[in-house]
Amino acid sequence: MTDAMLVLEDGRVFHGVAFGAEGETFGEVVFNTGMTGYQETLTDPSYHRQIVAMTAPHIGNTGVNDLDPESFRIQVAGYVVRQPARVASNWRAQRSLDAELKAHGVVGIAMPGTRALTRHLRDRGAMRAGVSSVETDPQALLQRVLASPGMAGADLAAEVATKEAYVVPSRTGETRFRVAAVDLGIKAMTPFRMAERGCEVTVLPATATAEDILALDPDGVFFSNGPGDPSTADAQVHALRGVLAAGRPFFGICFGNQIFGRALGLGTYKLRFGHRGVNQPVQDRRTGRVEISAHNHGFAVDAPLDGPFETPFGRAEVSHVNLNDGCVEGLRLLDRPGFSVQYHPEAAAGPHDSTLLFDQFCAMMQAAQAASAAEPGTSAPNAAEQGAPATPEEGA
Amino acid sequence: MPRREDLKSVLIIGSGPIVIGQACEFDYSGTQACRVLKAEGLRVILVNSNPATIMTDPEFADATYVEPINAETVEKIIAKERPDALLPTLGGQTALNCAVALHEAGVLEKYNVELIGADFDAIQRGENREIFKGIVESLGAECARSVICHTMDEVLAGAAELGYPVVVRPSFTMGGLGSGFAYDEADLHRIAGAGLAASPTSEVLLEESITGWKEYELELMRDRNDNVVVICSIENLDPMGVHTGDSITVAPAMTLTDREYQHMRDVAIAVIRKVGVDTGGCNIQFAIHPSTGRMIVIEMNPRVSRSSALASKATGFPIAKIAARLAVGYTLDEIPNDITKVTPASFEPTLDYVVVKVPRFAFEKFPGADPTLTTHMKSVGEAMAIGRSFPEALQKALRSLEQKGASFSWSDVPPPLEELLESIATPHDGRLHEVQQALLAGATIGQVYQATGIDPWFLDQIVAINEVAADIRLSDDALTAAKLENAKRHGFSDVQIGQLRSLSEEVVRELRHALGVRPVYLTVDTCAAEFAAQTPYLYSSYDEESEVPIGTRPKVIILGSGPNRIGQGVEFDYSCVHASFTLSEAGYETVMVNCNPETVSTDYDTSDRLYFEPLTLEDVLEVVHAEQQTGVVAGVIVQLGGQTPLGLAQKLKDAGVPIVGTSPESIHLAEDRGAFGRVLAAGNLPAPKHGTATSAEEAVAIANEIGYPVLVRPSYVLGGRGMEIVYDDATLTGYMATATEVSADRPVLVDRFLDEAIEIDVDALYDGADLYLGGVMEHIEEAGIHSGDSACALPPITLGRENIERIRESTLKLAQGIGVRGLMNVQYALSAGVLYVLEANPRASRTVPFVSKATAVPLAKAAARVMMGATVAQLRAEGILPPTGDGGTLPLDAPIAVKEAVLPFNRFRNAEGQGVDTILGPEMRSTGEVMGIDEVFGTAYAKSQAAAYGSLPTKGRVFVSVANRDKRTMIFPVKRLADLGFEILATEGTAEVLRRNGVHAKIVRKHSEGTGPGGEPTVVRRVLDGEVDLIVNTPFGSPGQSGPRVDGYEIRTAAVVRGIPCVTTVQGLAAAVQGIEAVTRGDVGVRSLQEHASRLRNAWAE
Ligand SMILES: Nc1ncnc2c1ncn2[C@@H]1O[C@H](COP(=O)(O)OP(=O)(O)O)[C@@H](O)[C@H]1O
Ligand SMILES: Nc1ncnc2c1ncn2[C@@H]1O[C@H](COP(=O)(O)OP(=O)(O)O)[C@@H](O)[C@H]1O
Ligand SMILES: [Mg+2]
Ligand SMILES: [Mg+2]
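Heads up: the sequence lines are chains Y and V, in that order.
Each step along the first sequence adds one to the number in this note's numbering, with nothing skipped, and position 131 is 133.
Each step along the second sequence adds one to the number in this note's numbering, with nothing skipped, and position 875 is 890.
Quick caveat, the hints were computed from the structure, so don't treat them as lab data.
Some clues are possibly wrong.
In silico DMTMM-like links for lysine to aspartate or glutamate, alpha-carbon gap of 20 Å or less [unchecked claim]:
hint : chain 1 : residue 1 : chain 2 : residue 2
1    : V       : K356      : Y       : D5
2    : V       : K498      : Y       : D5
3    : V       : K356      : Y       : D327
4    : V       : K668      : V       : E680
These numbers come from a predicted model, not from an experiment.
The following block holds chain Y by itself, in its conformation from the complex (with noise of 0.2 Å):
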């Protein structure tokens, strides 16, 4: 076994030992409270440059296999465990995650203060560290660890998204709409579930603009998760409003919920230690019920709580909100179809309680289709050249 440290930027030192594959990795350090779905995390696209903490103690228990992973490759930065899965045990189990982990070259450590850890972080709020199998000296590393780069201004979504467009069929057999999603680090579950409700869906590049989505005629659009930070994705904020002005359903999840806020003129801000684990209590504020859902977000949308609120879009307001801090956790349009979450319906890993979102995007493309068949000519893309309306944070 070969020893490891962890040091995390305010000059706090962990040890432990060697676990995945040996070497030194840098980002910022979360925490991740899920007990089970550590593939799905690790394969998360969200979590690209972090290096997730498990506050589960024991990890790799049942292995890895070809079936869960959200994305075509381990995402996180680097990982830390407490207590490493010496066997995998599980009817559905391929391979260890150990040897998983060392085959993407992924950095862990595995390390009794795993607890210590998530406190520091819960005080002091996620912060930049190293993970390193190979330096000996704290200090030495907490040189490399200030000189790396943070989380808030980064923009990332480019770097996990796919490059080229590709299209995920029906499951229906029937195709009742065409969506295009725009991936800004979307996880495999997202698609799938549109698919299992009959939608075609057309996966495009971070990059596409207005005139790229609205050129496939969509009969709703999607926004994805992904990784770091909202203000930064001034290009994603603008296809968006082209989106909007031409009245296409949308539907955004995580990282589209924080586009969505800004195309709506809200501004954003990161949160101490964020959301990630798959426990929370979201409250429907119409209903007043609860999900326990997934998150997965150290970013959240800055809104009036207390009622509907004027945007360039017509009135929106805050649907969904955390019990457990307050924060918003989704927004919805009241004159046009769109709404967004910050959370995770498509749940993997976590509790199925939202997937009912999906649904309500079906019944809004649903809705749109009759419309426009009711009066013809009204179509989208000239709808776009208005262009968006300014607003403050244009191009913050």
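Starting from the known structure of chain Y, arrange chain V with the ligands on it as the hints suggest.
Leaving out everything else, chain V with the ligands in the frame of chain Y:
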């Protein structure tokens, strides 16, 4: 939605006596419910026949009825109290079944009482296995193939269809009562027969066997807004086939991917919605095929269950408390998570630690009982431990059991591998230990998995433990801090490490401390540290940083009693909890240490701080250290948790820990026979002639000197463990040969056995100057039947004033001689006018709660104060004790309370499937107790019987067959029964005596005589056919002889099978007759403890 305003008063039904499968977890849930509902301003009415519970303390409800839990009695309570609602989901199966009975009898409708928590239909849908199966399938989920049967013919047909082996399971029972595996038709007849009898709806389910599948449980909660959360997932280490209650269980589930877990969660939520448990908790069990993942729903309990208690302790989410709030209208998002305070209860706890629960069995108490673990729960208690890894939690849990050989050991060479593999193939107590030995002996994980079905991940963790042991053992290199830390992180105790290095525990401890290897204490916070926790609920781990808050007030550490076991149960938790409450009030910071998840003491808001830790010297010393680091420890209380903490007293003191109350030296004076003898001599108090022996020769010599019969037992035991009445040299020599742990400092005690003596139990309080006689209890059965198993009455029904005065003097002398500070329990035997001292226990006893309730005096509270230096006079002044008088001078019209023991015989069978014998002896075997309280003895006794075994008959057939020595005393009571209109059946000898005395008794054939020429059935047959309503049978002859004794055995076991009241002593018979007369007079009313108390107070005032 806020709380319902239309509800003003709620009736809560408790779970009655502690029985296997339904223990004090329901005291925990009921107590929580009472507390929150009272806090909500509702009038809380409680009925529970179990006096040992905390919930039945007058302060927890507005009206507390210690009355039998049956529809008849509860109707009386409803008629009197007119509650708006009935909450049936917190009192286990007992409460649920009682609620169903009340509904079906139209009582709820008549008094329009609303069932809250789960309505009648929901209960039906959840509990009726056939309906439930339909529901599960309608949701597209799977149940095991099964057929419902109501008759033996249907059963046989069903088995033919499913193919053997089949599982037989009755509806509406709990703890797997009446269920089991049938491998062939003979089994089927036996098990299904019992099953049909056990089920209140005489309905059994035959099911395909899925033994060996992985078993899981989910604990869920739902509110009236239809919000559902999963509180906890539990994985059974022992696969399907072993009752969850008997399985080693682990939280959270360890071997499921998120996909599989979420699927299980989806099904569980769909089920709870469809069944319609509208508010509150429920528990759903699943089986998963290890190699295909096929998932089967086993059952659901639409109520708070044993597992809910475990889940609450495992997660810190107070299920019962929340369930009670939901039942009165709140929704989950309106209730704060009182651990974080800042987040709502509508979330799912996430754990950053591992919880392991291990069962504790008591097969040694039921010789001949089949120790195989099956679908029918047999454990009497459990211990839980928390650690930051499975190995750490598992090893902590094993040592929490306080059972010889429970912890893994590497000292002795493992038996041959073949033997081990053979033996672990059948589940039994201690199997895990053999699994570890097998892996040590070189078995592969594959082999052990094949034999046991235990998931390879768990097996590998045990391999890891073995590897650490090997590493420690390498004696050539020194025990470094790193080595020790690694061992500790795998849960090794100093004792285990010592064994591996042949060092003493002390040496290892000193080395460890010298190297600075000490545990830290982490918080159970429901959120894996995402939010700061407010509730100091701690567990130890060899982890990074400690979370013990700095204390301000002087601290008192109370050591609990560990896992429930026969002889040490909820009664001791009662005393600990009371000490905690009252010392908090008195300004101390109270710190509880215990490892029993079923108890109120391990509820995180019972004490100012809770340490969920094993009660071993090492673990307690570390807790004391941690507390000393963060404040001033005024003292440690060892006197309330029974024998467990008492056993630690001296060692703790030697390690410099301040022990309050009776000093360890004084404890020794009472526990050591030699020293105790001197105390008796000094006070010239008579004791049965006795001696102590360390060899068979000595024993025989002593026996012949003092004369047979003698009573033999090991020293330092509780519950009369290993105690026997011996009549001759041969048996005595045999006993000495088998007696465990005989040594110079652990000799065998040989006492003259006092025949036909009245046994008296006394609980007293002594402050060094004044004695407060808490209560004097007269046993119904004569000395020779363990105090824990015999019924007793308080105030004593036949003792005169001068007897009581003598008892007072003797007790005072003992208290002085021993040097008691706090509680003391003495057992006397009154024989031929001489008051013998049987034993004195310088600690809270089993009877403290009973005495407290019978005399309306909070004895345990008073005791705790005395231990901390208060005087009896002071407590009288404060009103904790009555201003004048005590339990020895109760006013004449004080109510009479009768305690009756509840025995678990119906749960044990020998390998051939016959029941075990039910006769009582000096070794305690009861699991619980009930109390009947009323103005006169007869009624009180009748209530106690109704509460313990079902009502005494008022008409029908009595079968009488008594030993010769009892023939005279039996005549009068039996004659009375005849006068009351009972038909008397008797065996020949008994019948003759009765006839000569003008009682017309019909002769029936003994079992040994077999069916008569004219097909006349034997008594056993008639009992089995339900033709007998009451059985009076006192055992004949000493254990040596066979014939008559076997007859008795057959009769008594038949009685158990049919659940017919069976009296095994003539004293019991006399009491039963008084009871029957009372019932026949029909003047059995109900009265709350609060009413009894105020009457008593007035009586005292006069
Ligand atoms: N079909 C079956 N095959 C094998 N074991 C079973 C089967 N059904 C139940 N069991 C075992 O019996 C135990 C008790 O069954 P359960 O339905 O939970 O009854 P209870 O109401 O007593 O909890 C379960 O914990 C499980 O281990
Ligand atoms: N000398 C004796 N003669 C008759 N019965 C006795 C005698 N000593 C003990 N017993 C019976 O055995 C029971 C258990 O003995 P006890 O000393 O109380 O052990 P424990 O410590 O288990 O309570 C007593 O309750 C009493 O009924
Ligand atoms: Mg069960
Ligand atoms: Mg005793």
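Hint check results:
no., hint, result
1, V:K356 - Y:D5, "39 Å, violated"
2, V:K498 - Y:D5, "15 Å, holds"
3, V:K356 - Y:D327, "12 Å, holds"
4, V:K668 - V:E680, "10 Å, holds"
Violated hint: 1 only; the structure is consistent with all others.
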